[in-house]
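Number of protein chains: 2
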Amino acid sequence: MESQNKVFIATSLDGYIADRSGGVDYLNTYPEINTIDTGYNDHMASIDALVMGRISFETVIGFDIPWPYNKPVYVLSNTLTQVPDKCGDQVTILSGTIPDVLKKIHSDGHTQLYIDGGKVIQDFLKHDLIDQMIITIIPVLLGGGIPLFSESEVSTKFECFKTQLFLDKLVQNHYRKAVNA
Amino acid sequence: MESQNKVFIATSLDGYIADRSGGVDYLNTYPEINTIDTGYNDHMASIDALVMGRISFETVIGFDIPWPYNKPVYVLSNTLTQVPDKCGDQVTILSGTIPDVLKKIHSDGHTQLYIDGGKVIQDFLKHDLIDQMIITIIPVLLGGGIPLFSESEVSTKFECFKTQLFLDKLVQNHYRKAVNA
Numbered sequence: 086m087e088s089q090n091k092v093f094i095a096t097s098l099d100g101y102i103a104d105r106s107g108g109v110d111y112l113n114t115y116p117e118i119n120t121i122d123t124g125y126n127d128h129m130a131s132i133d134a135l136v137m138g139r140i141s142f143e144t145v146i147g148f149d150i151p152w153p154y155n156k157p158v159y160v161l162s163n164t165l166t167q168v169p170d171k172c173g174d175q176v177t178i179l180s181g182t183i184p185d186v187l188k189k190i191h192s193d194g195h196t197q198l199y200i201d202g203g204k205v206i207q208d209f210l211k212h213d214l215i216d217q218m219i220i221t222i223i224p225v226l227l228g229g230g231i232p233l234f235s236e237s238e239v240s241t242k243f244e245c246f247k248t249q250l251f252l253d254k255l256v257q258n259h260y261r262k263a264v265n266a
Numbered sequence: 086m087e088s089q090n091k092v093f094i095a096t097s098l099d100g101y102i103a104d105r106s107g108g109v110d111y112l113n114t115y116p117e118i119n120t121i122d123t124g125y126n127d128h129m130a131s132i133d134a135l136v137m138g139r140i141s142f143e144t145v146i147g148f149d150i151p152w153p154y155n156k157p158v159y160v161l162s163n164t165l166t167q168v169p170d171k172c173g174d175q176v177t178i179l180s181g182t183i184p185d186v187l188k189k190i191h192s193d194g195h196t197q198l199y200i201d202g203g204k205v206i207q208d209f210l211k212h213d214l215i216d217q218m219i220i221t222i223i224p225v226l227l228g229g230g231i232p233l234f235s236e237s238e239v240s241t242k243f244e245c246f247k248t249q250l251f252l253d254k255l256v257q258n259h260y261r262k263a264v265n266a
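Note that the protein sequences, when read in sequence, are chains A and B.
Going by our numbering, the first sequence opens with residue 86, and the numbers climb by one from there.
Going by our numbering, the second sequence opens with residue 86, and the numbers climb by one from there.
Hints may be right or wrong, so weigh each one.
Which copy is meant is left open, so a pair is good if it fits within one copy or across any two.
List of simulated lysine-lysine pairs, DSS-like, C-alpha gap at most 27 Å [claimed, not checked]: (1) Lys211 / Lys254; (2) Lys188 / Lys242; (3) Lys171 / Lys204; (4) Lys204 / Lys262.
The hints are simulated quantities; they were obtained by calculation from the structure and are not laboratory data.
Bound conformation, chain A alone (with noise of 0.2 Å):
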C-alpha cells in the first residue's frame, strides 16, 4: 500500500491547537463532542504507527490514564534517552531528518502514519509530506496560541473532499493533498 502521512487534529476557529499555555481547554467548548464519534475510531484503525514530538509524548505521559495507544508511537527527539515503562514496548525513540526518520519507520514496515503534535506536523508539512489532514474546526476564538499551521516558505494545495457537521456546532474538514500539488 502506498505510503501516507495523516493528520488528525483539532483546532481553535482561529488556528490554534493549544492556547497560550499549551492547554486544550478549549477541546472542551461543546463538551457534548466528547460523547459523539467524531472519526476518531475509524482514524486509528486506518493507521499502523504513529509519530509525534517529545512535547506530545510528554503530554500523553502526563495524563492520568493507561498508555493510550496499541500500536507502535515514533517519538521524534533530540533529547529523550528513555521511555516511561507504562507505555510498554511499542515506543521508540528517533531523531534525525524527517526523511530519514520516515525511511526508517518504513523499513520497519510502518506506511500509514498517523502524525501528531503541532510541530512534528509542521515539520512534515515543510517537507511537503503530509497527504492527509482531518481537521475538526472547535469554533472558538482563542485570540492567541500554539498555531497548527507556522510561516512557511512551502505552498502546498490540498482538496477538501468531505465534510462534516457535529451537533450542528463543529465542523470537520477533510483534506488530501492535491494531486498536481
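Starting from the known structure of chain A, fit chain B onto it as the hints suggest.
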C-alpha cells in the same frame, strides 16, 4: 429586524486573507470556483449596507471595473476625505470607534451589515460584534500573509451550523455567534 453584522470572506487553509504582498492570487488556486455560485449573491441580497476599511476600499477602487456595489458603503478611515466620482453618491467616510460607527449606520436605517476587510473584521471581533461568518477555505497553505483573525484578548464562541463543499475541493463553513457566547 435585529441588527446583524455579517462576514463573507475567503481564507487560505492556514487562515490568511491575502499573501505576504497583500495579493489574493491564492483565490485562483482552483479557478473553477469563479464560475459557480458560492452564495455571494444570496449574501449581498441579505445585507443593506457594507462596512469596510480604507485598504479594502482602495483595493476595490483600484480594480479596473465599475464600482461594484449597489448598496451604501461605509468606509472607516481617519485619513480619507474624498471619494472618487466612480463610486457615485453611496459611499460615506466614517471615523470613530466601532460602537460609534455602528450607531451612525443604524441611525441611517441600515441594520444588516456586510463587514469586510481584515482590520475592520478584527476590530468588530474585538468588540464581540460579529454575528455571522461565512468563510470559504481555499485549501492552499500560503505560509504567511495577512491573517483573518488577529491576536486578541476577546474569546468568542461560534457555532458552525452549515457546511458545504464546492467542486469537491473547497469548503465553506457558516458560523453564527453562540447564543451563550
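Hints not upheld, ascending by number: none
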